[in-house]
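Could you put together the complete structure from these sequences and hints?
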Amino acid sequence: MVAIELVILVLVLWMVKSFVSKRYGKQYRLPPGPPALPIIGNLPVFMTGKAPYRVMKNLADKYGSVFSLKIGTTPFVVLNDVDSIREALHHRSVDYAGRPCLYSVSLMSRNNCDIVFGDYTPGWRLHRRATAAALHKNIRGVGCEAMGIKITREAEYFTQLLMKKAGPVVDIENELNLAIINIISQLTFATRYTLDDPEYQALVDSNQKFSSLLKPGDPIDVFPALKIFPSKKLRLVQELIGSRDAILQKKYDEHLATFDPKSIRDITDTLIATMKESKDQNGNDVFCADHVVMATWDMFLGGYEATYKTIKWAIAFLIHHPEVQAKIQSEMTAGFGDRMPTWEDRAKLPYLEATVLETLRQSSMSSMNGPRRTTCDTQVKGYDVAKDTTVFCNLWWVHHDPKNWKDPMSFRPEHFLTEDGKVSVPRAFLAFSLGSRACIGSQLALMQLILLLGGLLQRFNLRQAVGEPLPDLEPGSELVRTVGDYTMCLEVR
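Under the numbering used here, the first residue of the sequence shown carries the number 2, and numbering increases by one thereafter.
Any given hint could be a false lead.
Derived pair list, reagent style SDA-like, types lysine to any residue, alpha-carbon separation capped at 25 angstroms [to be verified]:
| hint | residue 1 | residue 2 |
| --- | --- | --- |
| 1 | 233 | 255 |
| 2 | 165 | 145 |
| 3 | 234 | 63 |
| 4 | 63 | 104 |
| 5 | 310 | 63 |
| 6 | 210 | 37 |
Have a look at the derived ranges for each label pair, beta carbon to beta carbon [unchecked claim]:
| hint | residue 1 | residue 2 | range |
| --- | --- | --- | --- |
| 7 | 427 | 467 | 36 to 42 angstroms |
| 8 | 175 | 45 | 39 to 45 angstroms |
| 9 | 425 | 122 | 35 to 41 angstroms |
| 10 | 210 | 55 | 25 to 31 angstroms |
I should point out that these hints are in silico values taken from the structure, not numbers from a laboratory.
Remember, it's a predicted structure, so these values are computed and weren't measured experimentally.
Glycine is no exception: its CB is placed at the ideal position from the N, C-alpha and C atoms.
The following block contains the structure:
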């Protein structure tokens, strides 16, 4: 009897081995990579103090532009050149459209009810389409004032506030925060704030604390078993989610109570209208209150946080490069005199737009892109990539690779201009990502960046603060590249 059981066991093991061999054996060409240690995988390569995107570039030099590694027991594939990234995210878009299931993300997003972090499912596609449509309607001003007009008005108010504090050593953080929050809150909630409004302060605090508390590679995501242990950080995150949801839920409830389909005020109203109309074939809701609330959070995550940090980068670069400031100011003077720029002036402002694009390239804030998950067995550059593999794209290196850019480490708006001075976006520019998860707010981002930065330069010269060092353009070792705090000399023109 024992012999028979032993034979059966051997046969089962042989069948398992054969299956694994067929799936992962010699006929499969897997990306190369460094040998992994038991349990911790390749974690030691990230313990050098270097920024992860620089570590990835060094590994690519050794193993090739497409390589694999493990963090803990989770397999990763890293893409380090524009061709592999475009093949994966554009030409095989659906194959690479998933998101890894992370505990921290499920906490933040009401079990993945948002667009930024939600996994690729039929429901997610519906929510993304609905939110993109709502965003574009409100940007164009379908049933409401066009977004370009609101941003120009906010830029005017922003510069008026700064007129009161112009001088040799100035910090504009509060005024810049207010301008961007007001743009997003008008778009999302038809609301404006003042600096002393408690709700405004709560929105700023929650966004900034989310960025500092939950970061890519958090231990609780690498080793999910850690969630069973008490954690001060996890408790703080849960408290922060509670305070954030109190604001967003209140706004949603107010909109629902006063909703009028004949008078759409903002994105929240547009999404509520979609929610009321969206049913599946059985009459069940497919777009619920959580989806609406989390879509408004996505607006603040992408529309506020990224814009604020990008403008901080842009100002830092401009303080280092007064000649770029002068060219932008001359361009505005030639195009429309001394009035504030509007979105209709965009065609007259190629150098300003190129400066914004160059800021996005040089800063490469999302240095490794948002993590993707493969939705099926697929390939990239001839290598096989198994279903449910987490994939990172080294955008920082693509944006600084000498193969893609002339003098890539220098700040040169000319990277985005043709010889006759027209805006041209190279294929290696990937700041808004690609494919099924490309940023739906790219137009809004450009509108904010061009009009706020243009308005600032129309009214002021930005100089090195008296007695203070120039802004430090070397960020720390985090995945999200942010410029440090700095002051400036703000000269009224």
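Hints, verified against the model:
1. 233 <-> 255: With Cα atoms ~33 angstroms apart, residue 233 and residue 255 exceed 25 angstroms; violated.
2. 165 <-> 145: Not satisfied, since the Cα-Cα distance of roughly 32 angstroms exceeds 25 angstroms.
3. 234 <-> 63: 37 angstroms, violated
4. 63 <-> 104: 33 angstroms, violated
5. 310 <-> 63: 33 angstroms, violated
6. 210 <-> 37: 34 angstroms, violated
7. 427 <-> 467: 36 to 42 angstroms: 38 angstroms, holds
8. 175 <-> 45: 39 to 45 angstroms: At roughly 42 angstroms between Cβ atoms, residue 45 and residue 175 fall inside 39 to 45 angstroms, so the hint holds.
9. 425 <-> 122: 35 to 41 angstroms: 37 angstroms, holds
10. 210 <-> 55: 25 to 31 angstroms: 27 angstroms, holds
The structure is inconsistent with the numbered hints 1, 2, 3, 4, 5, 6, although it conforms to all the rest.
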